[in-house]
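As a plain string of letters, each chain reads:
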Amino acid sequence: DAKTTQPPSMDCAEGRAANLPCNHSTISGNEYVYWYRQIHSQGPQYIIHGLKNNETNEMASLIITEDRKSSTLILPHATLRDTAVYYCIVRFPNAGNNRKLIWGLGTSLAV
Amino acid sequence: KAGVTQTPRYLIKTRGQQVTLSCSPISGHRSVSWYQQTPGQGLQFLFEYFSETQRNKGNFPGRFSGRQFSNSRSEMNVSTLELGDSALYLCASLQGDTGELFFGEGSRLTVL
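First to last, the protein sequences are chains Y and E.
One point on numbering: in our numbering, the residue at position 90 of the first sequence is 90, and numbering is uninterrupted.
One point on numbering: in our numbering, the residue at position 41 of the second sequence is 41, and numbering is uninterrupted.
Warning: the hint list may mix true and false statements.
Which chain Y residues face chain E? A few, computed with CB under 8 Å, are given here [what the hints assert, rightly or not]:
| id | residue |
| --- | --- |
| 1 | P7 |
| 2 | M10 |
| 3 | C12 |
| 4 | G15 |
| 5 | G29 |
| 6 | Y34 |
| 7 | S41 |
| 8 | G43 |
| 9 | Y46 |
| 10 | H49 |
| 11 | R91 |
| 12 | F92 |
| 13 | W103 |
| 14 | L105 |
| 15 | S108 |
The calculated BS3-like cross-link candidates involving lysine-lysine, where the alpha carbons are at most 27 Å apart (straight line), are [as the list claims (entries may be wrong)]:
| id | chain 1 | residue 1 | chain 2 | residue 2 |
| --- | --- | --- | --- | --- |
| 16 | E | K13 | E | K57 |
| 17 | E | K57 | Y | K69 |
| 18 | Y | K69 | Y | K3 |
| 19 | Y | K3 | E | K57 |
| 20 | Y | K52 | Y | K69 |
| 21 | Y | K3 | Y | K52 |
No lab work stands behind these hints, which were simulated from the structure alone.
Just so it is clear, CB atoms sit at the ideal spot from N, CA and C, and this is done for glycine as well.
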């Protein structure tokens with residue numbers, strides 16, 4: 001199974017950077033790391049993804065360690081609207097070749 | 001373009017009944033996956049369909065089943081409902097080139 005491990009909760013002061021860690025020591029081959037967040041009981045929303053290199057978009061930055069066994073999602077200037085549950089998963093981009101995805105409980109970020 | 005549409009949004013059933021939930025993916029997306037979300041267990045993967053074929057299945061009993069139609073719309077069915085089946089059921093369609101999942105708003109099932 002494609003399992004990730006995240007801390008259950010974190011706090012961050014408004015305006016400061018929020019750094020959310022994720023352990024994915026069983027990541028294999030060309031599986032990508034994806035981050036999503038879920039606000040209240042809405043459907044999860046895509047944030048960012050990456051394979052090996054660090055990635056940045058308008059929402060966040062993703063730092064992946066060289067051995068790819070862990071990553072960190074960085075919200076550079078957290079606002080109250082960033083209060084949500086953040087999920088880290090690993091999967092292949094295409095359908096059908098993925099191991100059973102385990103989303104777990106994610107990290108509940110309070111800003 | 002329209003997002004992922006799930007129906008119904010809310011429903012109440014009693015133990016022993018069965019329920020069918022529907023999901024219409026984003027136009028052009030051929031893969032649909034389903035998830036169950038409960039407060040204690042978080043987001044759990046149910047199954048994934050691609051071109052009308054189930055490609056992956058989570059660890060749920062056989063009471064949980066699904067299918068995908070030629071237009072990529074998908075349904076999931078839960079038979080012989082139990083109280084523990086009360087949950088938010090989420091559907092997501094997959095953008096094949098990036099692997100990005102687009103989620104619907106979910107169907108909230110309450111079993112009494």
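Should the hint that H49/Y touches chain E count as held when the rule is a Cβ pair under 8 Å?
7 Å, holds
Double-check R91/Y for me: the hint is only fine if its C-beta lies closer than 8 Å to a C-beta in chain E.
6 Å, holds
Verify the interface restraint on P7/Y: the C-beta must sit less than 8 Å from at least one C-beta of chain E.
Not OK, violated: P7/Y not within 8 Å of chain E, min 14 Å.
Quick check on the hint: W103/Y CB to chain E CB, less than 8 Å?
4 Å, holds
If you take the shortest Cβ to Cβ gap from M10/Y to chain E, is it below 8 Å?
16 Å, violated
May I ask you to test the interface hint for G43/Y with respect to chain E, counting a Cβ-Cβ separation under 8 Å as satisfied?
3 Å, holds
Interface hint check: S41/Y, Cβ to nearest Cβ on chain E, cutoff 8 Å. Holds or violated?
6 Å, holds
Given hint F92/Y near chain E, where the shortest CB pair must fall under 8 Å:
7 Å, holds
Verify the proposed pairing of K69/Y with K3/Y, using a straight-line Cα cut of 27 Å.
11 Å, holds
Residue hint L105/Y, partner chain E, criterion CB-CB below 8 Å:
With Cβ-Cβ at 4 Å, under 8 Å, it holds.
Does the CB of G29/Y sit less than 8 Å away from some CB of chain E?
Nearest chain E Cβ about 14 Å off; hint violated.
For the hint on Y46/Y, does the least C-beta distance to chain E fall short of 8 Å?
With a closest approach of 5 Å, the Y46/Y hint holds.
In the structure shown, a violation is registered for the earlier hints numbered 1, 2, 3, 4, 5 and 15, in ascending order.
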